[in-house]
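All chains should be built: construct the whole structure from the sequences, respecting the hints.
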Amino acid sequence: MTTFGTMGFEELYEQYESENPNITIEANNIDTGGNARTDTFTKLAAGSGLSDVVAIEEGWLGSIMEVSDQFSDLRDFDMEERQGDWLDWKVEQVTDPDGRIIGYGTDIGPAGLCYNAPAFQAAGLPTDRAAVAELLGGDDASWERFFEIGRQYKQATGKAWYDHNGFVWNSMVNQLEEGYYTADGELNVEDNAELQERFGWIADASADGLSAAQTAWDWNGGQAFTDQTFATFVCPGWMLGVVQGQLEAGGGGPETGWDFADVFPGGSVNWGGSWLTVPTTSEHPEEAAALASWLTQPEQQLAAFEAAGAFPSTTEAQEELAANPTPNPVFNDAPIGEILVDRSQGVVAQFKGPDDSLIQENVFGPPLQKLERGEATEEQAWQEALTLLNDLVG
Amino acid sequence: MSLSTTDARAFPLQPARGRRNRPNTGVGSRPGFLAYGLLVATLLGFAYPLWWSFVVASGTNATRGETLPLIPGGNFWANAAEAMDAIPFWLALWNSFVVSSIITISVVLFSTLAGYAFAKLRFRGRDGLMIFVIATMAIPTQLGIIPLFILMRQFGWTGELGAVIVPSLVTAFGVFFMRQYLVEVIPDELIEAARVDGANQFRTFLNVALPAARPAMAILGLFTFMAAWTDYLWPLIVLNPTNPTLQTALSQLQSGYYINYSIVLAGAVLATIPLLLLFIAAGKQLISGIMQGAVKG
Amino acid sequence: MTSTIKAADAASAGDAAGREIVRPKLTFGQRLSWFDVKASPYAYISPFFLLFGLLGLFPLVYTFVVSLHEWELLQGQGDFIGLENFATTLQDRFFWNSIFNTLSIFVLSTVPQITMAVILAAILDHNLKGKTFWRMSVLLPYVVTPVAVALIFSNIFQEQSGLANNLLGVFGIEPIEWKRETWASHVAIATMVNWRWTGYNALILLAAMQAVPRDLHESAAIDGAGGIRRFFSITIPSIRPTLIFVIITATIGGLQIFAEPRLFDVSTAGGVGGSDRQFQTTVLYLWEMAFFRQDFGRASAIAWLLFLLIVGIGLINFLISKQIASAEGRALNKKTARMLAKREGVSA
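Respectively, the protein sequence lines represent chains X, Z and L. Going left to right, the first sequence walks through residues 1 to 394 as my numbering numbers them. Going left to right, the second sequence walks through residues 1 to 297 as my numbering numbers them. Going left to right, the third sequence walks through residues 1 to 348 as my numbering numbers them.
If you're looking for bench data, these hints aren't it; they were derived computationally from the structure. Any given hint might turn out to be false.
Unchecked claim - Cross-link-like lysine to any residue pairs, in silico, SDA-like; alpha carbons within 20 Å at most:
(1) Lys284(Z) / Ala47(Z)
(2) Lys131(L) / Phe279(Z)
(3) Lys370(X) / Glu384(X)
(4) Lys129(L) / Tyr36(Z)
Said to hold, decoys possible - Counterexamples of contact, computed for chain Z against chain X with all Cβ distances above 10 Å:
(5) Phe33
(6) Leu43
(7) Val98
(8) Arg195
(9) Ile280
We put the beta carbon where it would ideally sit given N, CA and C, even for glycine.
Spelled out as structure tokens, the structure:
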């Protein structure tokens, strides 16, 4: 069993093992999705070494789908019956042209806004989560509005508004109907006016010093979350688990004042989400599929949500969350489940091409960083992105 | 071929000539304060990063922010336990031990055999083959990782320790090293005498060459072990995170959705302990190995 | 390989048996013995050559074959495309970037490392108290594996609240962006290499210094040459062969740095050597091309080009050092001869 990041499965493994004494789960969690990608591909190529169950992330699903025949068709197991459990698009994403379905959906990535209440207070901004949602425009929240408030904040405190450009950019791109690829799989970056417009917004925000230019996945060992280096943070459901971990690593907790608002600039978005797959190299495909299926049942999805904030992809689990809001102590008792259900309304995942994660991280990453560090103008940075695209993806 | 041991720095250039005819009296007999001062400064520079790692590993993430932390806290075992929990530490330690031991035995054995043949036996093509060995010593064979990977995949060995061990079973350097040593230390008369006594070639090897080669074998073994133990690139490619060596397991600690530096450094300290123990136990031999092996003439 | 060992065993066993049984029939015994003498050298060297050929040379040749094809990690061998992968690589700015980084880190790690090692060796060459203690302490970093070194130093060079910047802060120096700026990152990575290897090289050089005949120093001292002068005119020229060895091995190792840049900043850009590849070495680029971008064909071309570079630099290194060594050697011999002559004159 190979997973990555914070998927919230640890306790579930124990439960499954105790319920199925003949099964032993060797859990193997790879730190970040990016490293899991490298690992998965290397092992795919090696033709061995893959676990019986392998977690796949949306960002590199595109290249997995190109070799979908290396994964078991789950319709051979219980997929036919279970297909209706998930949101339709969650199943569509892992259905290949031959109609084979290769993954059990785990989580999806609707996003709300994490914000630091004390930081807001220092700038004279409202701190109540409903008021914050209102401040940013409620249902009509836009990026322009987000950056505008950011400028006010910056003026009042002299501090950065959000942590770094990369995540804001990801959110924006994921909001588009078509991202780096068109729905039929063509590269869609050059001459993409929507992308370029958003790139401009980020460039302006960077020029005004709204970005804290943090290193993602590091955030100075989590300390940047504890010392108000920035005031807002884009939070897909699974990111809440990341924030919690960062706070722990940085020696902080609920007292740092992070909260979670039912609002997202530019409207709803799906960022991220994963599936559990069974590679054809598995020697125990039956058992593997049974485990993967069990882990993605509504009940288990709820448990994973409790543990790591991974927002369930089955409709039943979502309804359950909406019906029974539970306060989350780390985020000032925000009912994060309920909020995310709200944030997931109308969310549809975008088509991900084979090099999606590469484009995100290695094509747009460097120029976005140059922007927030004041090392490039918008024009230069955009050109650099195009050059990198050409060099890396071709 | 060696993936792990091509770093020629792991080896001294030439074997000891066995003779140290003059006691080391030193150049200036009385080193001044300046010399000791520089030495102390060097010692601090060399030791402090390690000590700092231990101090942070025994503290909290906040310890890292201190300017010059000197006193360890009480959290080392808690952090070490978390590090061991995050990676399969004991399995990795065992794997590293198995891999390094088998490579060491193999390299020492085959190098001694071939080195002896090159040093003391006469056969057609000897000089040509020896030149070949010397020439290949400088070739960075680890650039062959791609075909090796393809090869291992075809054997179905990826993920197994064998894939790490097999490419490092012999080194050109080992052969050269043993040859240089044996050419000096075994007098030809000794071999002749053994032959006159009716010993065959292999028994001559066992009875004459092997005992004479022992010091060089120990040095070669020590450095081969070190090189295999520290190798990272190749195990990273052919092994899984579920069946790692110590180095690949350790590297997994560093990246993550959240990094707790105390835990990362606890892992680094933990992983250093085995070699540190070896160093304390065999440090003198290690030093004399490096120094004897270095150069003379 | 086991079979070859058995062959050796069998040869010797047969030989031994033959000897005992057929002692009267000398010719047969002689023939066996002749076979023993002729065959065993090959039996001894064959395990090495077989394994080395299969696992060392064959992959190198095969790398070239792969580099002539379109070859993807997952899809496997594709069309034969001649030298196209080489052409692409030679026009690839990331390739040249990685070469630049490799050379820069190599220079930053070799020059200070060897300078410091020489100085350290010179100090250790004194008649010190606690000789073994000092020698062991300079070797201490050597027992820390490169991966652990990378973990430790990537924390020390952490930009916010890392030890290096904390210390600089004491002197009122602004924090340096070790992981972002090209030069700073090169210095940081070179520091890792230097930290681990300086003591080791110092011990090798120390051994060479101790081999310098003491009478040379003594006579020079009688001549009134001071410590520093003697160091430059006697010690350095005498240890030159060792110095060459240390430099060449440092070159071969230095051009193949991987663990340090790979682990220096794993959070950024998938750990390929910085957001802008500002510290991506060529081996790291090779790894990226093969296992991140999954293009085995181009990765193999990179491997071969790097191979040529290493051999090339190694050769240049060797030739230059050799020339200097022989020139210096002649000078030294003259000087020595002069000194010894003088000394004899004094004593006579």
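> What are the numbers of the hints the structure violates, in ascending order?
Replying inline: none
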